[in-house]
Amino acid sequence: MKIPENHKLVLLNQLIEQIPLIKTFKGKWSVIKNKLNDLHTQLNDLSDFPSNNNNSLSFELLLSISQTLNDSLSLAYKCIQDPNLSFGKLRTQSDIDSIAAKLDQHIKDCDLLIRSGVLLQDTTTTNNNNGVSSSTTTTSTSKREIVRIEARNLITRLQIGNSESKNASIDSLLGLLQEDDKNVLIAVAQGAIPVLVRLLDSSCLEIKEKAVSAISRVSTVESSKHVLVAEGILLLNHLIRVIESGSGFAKEKACIALQALSFSKENARAIGSRGGISSLLEICQSGTHTSQALAAGVLRNLALFGEIKINFVEENAIPVLIALSASGTALAQENSIGCLCNLVAKDENMKLLVVKEGGIKCLENFWDAAPMARNLEVAVGLLLNLASCRPIAEVLVSNGFIARLVVLLNCGVSSVRIAASRAVYELRFCTKTRKEIGEAGCIPLLVKMLDAKAVEEKDAAAKALSCLTQYIVNRRILRKEDRGIAATVQLLDPSIHNLEKKYPILILLSIAQSKKCRSQMIAAGAGAYLQKLVEMEVEGAKKLLESLGRAKLWGVFART
1 MKIPENHKLV LLNQLIEQIP LIKTFKGKWS VIKNKLNDLH TQLNDLSDFP
51 SNNNNSLSFE LLLSISQTLN DSLSLAYKCI QDPNLSFGKL RTQSDIDSIA
101 AKLDQHIKDC DLLIRSGVLL QDTTTTNNNN GVSSSTTTTS TSKREIVRIE
151 ARNLITRLQI GNSESKNASI DSLLGLLQED DKNVLIAVAQ GAIPVLVRLL
201 DSSCLEIKEK AVSAISRVST VESSKHVLVA EGILLLNHLI RVIESGSGFA
251 KEKACIALQA LSFSKENARA IGSRGGISSL LEICQSGTHT SQALAAGVLR
301 NLALFGEIKI NFVEENAIPV LIALSASGTA LAQENSIGCL CNLVAKDENM
351 KLLVVKEGGI KCLENFWDAA PMARNLEVAV GLLLNLASCR PIAEVLVSNG
401 FIARLVVLLN CGVSSVRIAA SRAVYELRFC TKTRKEIGEA GCIPLLVKML
451 DAKAVEEKDA AAKALSCLTQ YIVNRRILRK EDRGIAATVQ LLDPSIHNLE
501 KKYPILILLS IAQSKKCRSQ MIAAGAGAYL QKLVEMEVEG AKKLLESLGR
551 AKLWGVFART
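With UniProt numbering applied, the sequence shown corresponds to residues 1 to 560, in that order.
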């Protein structure tokens with residue numbers, strides 16, 4: 001490309017000629033001379049590129065180089081004219097070091113500009129015969145290729161030039177990323193992430209916040225998350241600093257990125273050990289509505305890891321989460337309940353702590369205020385985890401949660417029905433509660449679930465029924481259901497995988513004393529299924545097969 005570097009080469013050569021005449025700080029000036037020789041090579045390489053619209057990309061760099069060379073030459077003349085440096089030795093030393101640093105940066109920027117390949121690209125705007133402006137490239141006119149070239153161009157611009165130039169470039173990159181997910185994938189493939197992470201060290205707050213915004217956008221595209229994860233602790237440290245002291249906008253964007261990164265145990269450990277939980281809890285208390293919900297979402301992910309739970313206790317997180325579940329937005333409430341659910345899982349002490357801090361009342365209020373059944377899956381999860389502790393389960397029953405579960409067993413969301421069935425199983429701790437559950441109308445609804453499409457739903461319903469039918473009145477309710485016995489027998493089919501056969505066997509054993517029930521089981525094909533299960537040594541299969549009576553079964557087998 002034709003660039004006016006003659007002037008710069010003149011300045012550069014003049015400076016090289018003057019350096020041997022300088023009598024002070026000779027070592028430092030010798031280092032500068034070596035850097036000037038390197039820069040001379042870089043400028044010659046730049047002159048070999050063809051002219052195109054990307055001249056603007058190098059124009060600012062060349063102006064900056066010119067300014068540095070002028071400043072250097074001026075300082076060199078001063079040092080030659082006043083060898084005693086009456087204007088200040090320390091100041092002169094500082095000025096020389098500053099020039100050396102600038103020359104280093106110029107050499108790196110030139111090298112980057114040459115290696116990036118952007119100077120070989122022609123993105124000029126031309127007019128077609130109709131006078132309509134159209135974008136052309138030297139290799140392809142496809143939209144994807146245009147985006148790839150633009151992304152590479154912007155990523156290069158983010159690494160050279162001053163803050164004003166970088167700020168404009170990151171605005172353009174954000175616009176590109178927001179258009180669609182494919183643009184995100186293209187930008188990531190062009191190396192956007194390492195560049196954006198380096199910008200998080202920028203002294204310009206505006207650039208730093210926009211870099212966080214761009215990283216958060218990338219984190220929302222599933223197939224790009226691995227590139228963020230690869231940045232490791234460096235990226236996490238930057239994001240944690242943002243949630244500690246960034247603006248409200250920056251905190252929101254940092255939380256979005258942290259949500260994507262906090263599913264990894266290593267990252268969760270790093271966030272917990274670097275004070276991230278404390279900062280996230282502070283956002284939950286005093287952040288914007290959006291940032292509260294996002295921060296609670298990160299905490300929800302972190303709570304999945306047992307070794308991190310001690311950090312929640314140390315930071316007194318439970319009261320904060322309970323308060324947010326009562327006063328935050330719908331998403332903030334859901335995430336805080338979800339976080340509590342994860343915290344109490346397999347942790348008896350945490351369950352007692354949550355109850356002590358008002359967790360049951362908080363759960364009750366959230367449950368009763370939820371607009372739709374779908375929003376209650378996380379609440380049922382918390383109930384399920386709390387109910388595994390017998391004293392807490394008794395309190396839950398006394399607070400009317402059986403009736404609440406019955407409503408969900410008849411809702412239109414499979415995942416919620418499954419969670420409710422599992423919660424019913426946890427609340428079956430004594431005959432009295434089994435009686436209450438049966439009287440509340442659970443049995444017909446669970447029988448209906450045995451015919452569900454999802455094997456997971458069939459399994460959850462069978463598991464709940466297997467314990468409820470230990471109470472005699474519940475067995476009578478089951479027997480009266482048209483599909484009760486037939487649907488249960490169908491679950492014995494060995495071809496249905498991922499379903500615990502012991503649960504339908506327990507249900508059928510509970511009613512096998514009835515001759516009528518045994519006949520219905522045989523008619524539904526229980527014999528053939530049970531023989532296969534006996535061969536597979538499934539628990540209870542042999543006992544049920546024997547209870548059906550061998551004589552009657554052989555007649556059935558002969559016909560099949």
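Any given hint could turn out to be false.
Beta-carbon label-pair distances, calculated as ranges [claimed, not checked]: (1) 289 <-> 164: 31 to 39 Å; (2) 289 <-> 542: 53 to 61 Å; (3) 289 <-> 361: 33 to 41 Å.
Below are the DSS-like pairs computed for lysine-lysine, each with C-alpha atoms no more than 30 Å apart in a straight line [to be verified]: (4) 143 <-> 102; (5) 453 <-> 543; (6) 89 <-> 143; (7) 89 <-> 102; (8) 143 <-> 225; (9) 543 <-> 432.
Bear in mind the hints are in silico, worked out from the structure with no lab data behind them.
Don't be surprised by glycine CBs; every beta carbon is placed ideally from N, CA and C.
Here is what the structure says about each hint:
Between residue 289 and residue 164 the C-beta distance comes to about 34 Å, which sits within the given range of 31 to 39 Å. A hinted range of 53 to 61 Å holds for the C-beta pair residue 289 and residue 542, which are about 60 Å apart. In this structure, residue 289 and residue 361 break the distance hint of 33 to 41 Å, their C-beta atoms being roughly 23 Å apart. Between residue 143 and residue 102 the CA atoms are separated by roughly 38 Å; this puts the pair beyond 30 Å, and the hint is violated.
Distance hint between residue 453 and residue 543 is fulfilled; the C-alpha atoms sit about 29 Å from each other, no more than 30 Å. Distance restraint check for residue 89 and residue 143: the Cα-Cα separation of roughly 58 Å exceeds the 30 Å cut-off, and the hinted pair is therefore not satisfied. This hinted pair checks out: residue 89 and residue 102 have alpha carbons roughly 20 Å apart, not beyond 30 Å. For the given pair, residue 143 sits about 24 Å from residue 225 by alpha-carbon distance, which is consistent with the 30 Å threshold.
Restraint check for residue 543 and residue 432: satisfied, since their Cα atoms lie roughly 28 Å apart, inside the 30 Å limit.
In summary, the numbered hints that this structure violates are 3, 4, 6.
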